[in-house]
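Given the coordinates of chain A, work out where chain B should sit on it, guided by the hints.
Chains as they are written, first to last, in the UniProt record's numbering: chain A, 1 to 459; chain B, 1 to 459.
The hints are simulated quantities; they were obtained by calculation from the structure and are not laboratory data.
Check the hints yourself; a few may be wrong.
Which copy? The list can't say, so a pair holds if one copy fits it or any two copies do.
[Claimed, not checked] Below 27 Å or equal to it, Euclidean Cα-Cα: the simulated BS3-like pairs (lysine-lysine) are: (1) Lys215 - Lys425; (2) Lys444 - Lys55; (3) Lys235 - Lys37; (4) Lys253 - Lys364; (5) Lys409 - Lys99; (6) Lys20 - Lys45; (7) Lys52 - Lys425; (8) Lys209 - Lys396; (9) Lys444 - Lys396; (10) Lys52 - Lys215; (11) Lys99 - Lys235; (12) Lys45 - Lys450; (13) Lys366 - Lys55; (14) Lys397 - Lys45; (15) Lys235 - Lys215; (16) Lys20 - Lys52; (17) Lys450 - Lys209; (18) Lys215 - Lys45; (19) Lys366 - Lys209; (20) Lys409 - Lys45; (21) Lys444 - Lys215; (22) Lys409 - Lys235; (23) Lys209 - Lys20; (24) Lys45 - Lys366; (25) Lys396 - Lys20; (26) Lys425 - Lys397; (27) Lys209 - Lys409.
Here the structure is a predicted model, which means the values were calculated and not measured.
Number of protein chains: 2
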Amino acid sequence: MNPSQLFNSFLEEGQILTDKALEQRYHHIWHMDEPLKALCVLLPKNTEQVSKIMKVCYQNDLPVVTHGGLTNLVGSTETIGNEVVISTERLNRIEEIDKASRTITVQSGVILENIHNATEEEGLLFPLNFGARGSAQIGGIVSTNAGGLRVLKYGMTRQLVLGLEAVTVEGTVISSMKKIIKDNSAYDLKQLFIGSEGTLGIITKVILKLEELPKSRNAAFIGFDNYDAVVTFLKYCDSKLAGKLSGFELIWKNSYVQMTSVNESVRPPLPYDYNYYVLIESLGGNQFNDQNEFQNLLEQALEEELILDAVMANSQSDVEWFFRIREDVNNLVDFMEHDQHFDISLPIPYIGSYIEERYNSLRKIKGVNQVYAFGHVADGNIHFMVGKSNLSTELKKRIDHCIYDGLQKIGGSVSAEHGIGLHKKDYLHLCRNEEEINLMRLLKTTMDPKGLLNPRKIL
Amino acid sequence: MNPSQLFNSFLEEGQILTDKALEQRYHHIWHMDEPLKALCVLLPKNTEQVSKIMKVCYQNDLPVVTHGGLTNLVGSTETIGNEVVISTERLNRIEEIDKASRTITVQSGVILENIHNATEEEGLLFPLNFGARGSAQIGGIVSTNAGGLRVLKYGMTRQLVLGLEAVTVEGTVISSMKKIIKDNSAYDLKQLFIGSEGTLGIITKVILKLEELPKSRNAAFIGFDNYDAVVTFLKYCDSKLAGKLSGFELIWKNSYVQMTSVNESVRPPLPYDYNYYVLIESLGGNQFNDQNEFQNLLEQALEEELILDAVMANSQSDVEWFFRIREDVNNLVDFMEHDQHFDISLPIPYIGSYIEERYNSLRKIKGVNQVYAFGHVADGNIHFMVGKSNLSTELKKRIDHCIYDGLQKIGGSVSAEHGIGLHKKDYLHLCRNEEEINLMRLLKTTMDPKGLLNPRKIL
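The following block holds chain A by itself, in its conformation from the complex (with noise of 0.2 Å):
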């Protein structure tokens, strides 16, 4: 088949990618060098164009995945060969900022970092941020519920979406796109295309919610010598900070030597001597106030003896000095022969002893050279670093089940922030019982009765 003429009646000649165009494509930014796999890519500029795709896609059987920024970590984006690519790449148009509202209307396309220049611009945020900022693009923000760093303060993706435009498998466009914060007409059909990485339909647009941007910016590292001590402080930040607290992020103390290691710009703001180390930051309206306020409350801690030592950034740049620790996993994985990284979620209790019996059992296996654990522990979200010395199934897998197997007891879920895929299919069982997974098969079938969108993925 020649894709060109299915889609050339509606697309030029520059939207439709095959044969050596579509060689230097690729399916994930950490994998550059492999050609991409597909019968071709499409590069619609907008949600009509999206549409009639669908339609013929819909019409000849072509199955379709959907390209972003091919930041997503769970193997979302891979093709096999007999796929449509659909690149979102030319949706990349900021439609409009509404400051009184207080939204931002995109199309899919538009990269995170984008959205955040854009915002800043007029005085505000749009607080959703992580790593990959540069290249993620908000369709694959949306489809994947995109987590982060300020979950505690703002929420997931899923609480900043507003309005939502997307189509379907036939074609047909769903468009709510509302600027409002209250809406309870019927179902709430955005939520169907949250979170379900392109397997439902495609998004095309959405309307974003913006906060204030803030106006100070506080943090501090705190040690603590065991973990219920580190719960405790979280709820006696939140309670005396209110509404200001925005990140409470645990570092063991392993990763924590790792990471302050590594060169002069990550140096230690603390010594060696505790357990866990506690990353908190907040975020107000006058830095003045807002500074002496984070100050009290880090003294009267130490009075309280709530905590063991802490360090509190006295500029801009200590703040950055602090987050450049916590964010450059770099600093991990670059002295790793090989690595493997989970993103595991349980409730807050249980991260205490639950990680501690990992690094147990994972050091015991043959081939496991480092583990690094870390993460979001006000969200109950811990990340994991395994450095290993070969790429063998066997090997992955006895990592795999060393880390996931105790969640199901727990309450917990083998992915917190970063989705299914392909790479956590064989473990959706193990947080998802048998009649969720039903009913999420029948919801696949009803909105996707061809098996056509993102094939493979999640279930």
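Chain B only, in chain A's frame:
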């Protein structure tokens, strides 16, 4: 048919109400004098019994209407006589409060006020709050995605539900009872049941997210002469108070005059000199500091001429006085011959002009005696109370159309908080397009192929 024969193998005698016992029931707390029309009322005590009831109803093609606290405002609990009514009143167990996870696990029949009392004893807050808190049950609250007074700071019900258990029309228990904030393991099934008014399944249990109990509460009434100044001040407050701003309620002058002239307990905090009155509230971590901050904010706003006048609550009894004015809508309704209520949502920039136009048009309708507007302006949610001289359908429809017809053009909603139920069905097409409604029908047919769950409601 004698329905007791269908259910008495697994329900005790007192759990099946028919005949005389049935006649003492009603479909809404405002219609206690109208005996309930139904085949029977069933009072299950646990999820298993709900599941068994649904299996029997499904096999016998019996329609089912779920009754919670019967405070719904759109006819969602009405019956015509051929239905089995499942009342959740005996599903009234608070199963657990987990202080470290900051969650409460409850059966769906627990009354909101009981959740408030139980969590406050543990130093925690379930932030959802509204007038019917003494009757409304959490199952109904989740089924209608209730809003209320503190959505600005804490979100709608949807944002407060972490885990959910529901029974499908066939009796299958979909149990997603997780305490975790982040869970991107495939489709988020609870979103289907939240806000779908019992038409897709019956909620039997939920896990709710709790917050630290605020240590400070401050409030003020503020006067404005034009709507744009209100919006500017909203942004100003939200920026200065960062995450502490918890309420921003707008009251139109004539509503304010009426609300504050009924008796001494609701005497006016500000004179009747302004066009708009705003009641703001902040919740924080330290009463002394927060009160100072709040007072400084008001003084600075007066100095910068952002506001015309302000009076701050000097004590918690002042705060209660201020909120009594806003909350006691009986002070508006009691003086009406007949009344008609509205709960619309619209983008914030349009509110001023839209409401003014509605005031003008409504006052021209013969039979309309009073028009009062007020609402959660920060959420774009305005309530109307319209007083009228008769109960004719013609007058009702004229008033409905006057308020609803302009919403489509500006991207509003005919239901911000209350849902669609029976009473707003005719206007759903004004805020949801054909494609959306078709997709809703598809979901309904998929989840409830025989149309047994809360028939005639929503669609």
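Hint numbers contradicted by this structure = 1, 3, 7, 8, 9, 10, 13, 14, 17, 18, 19, 21, 23, 24 and 25
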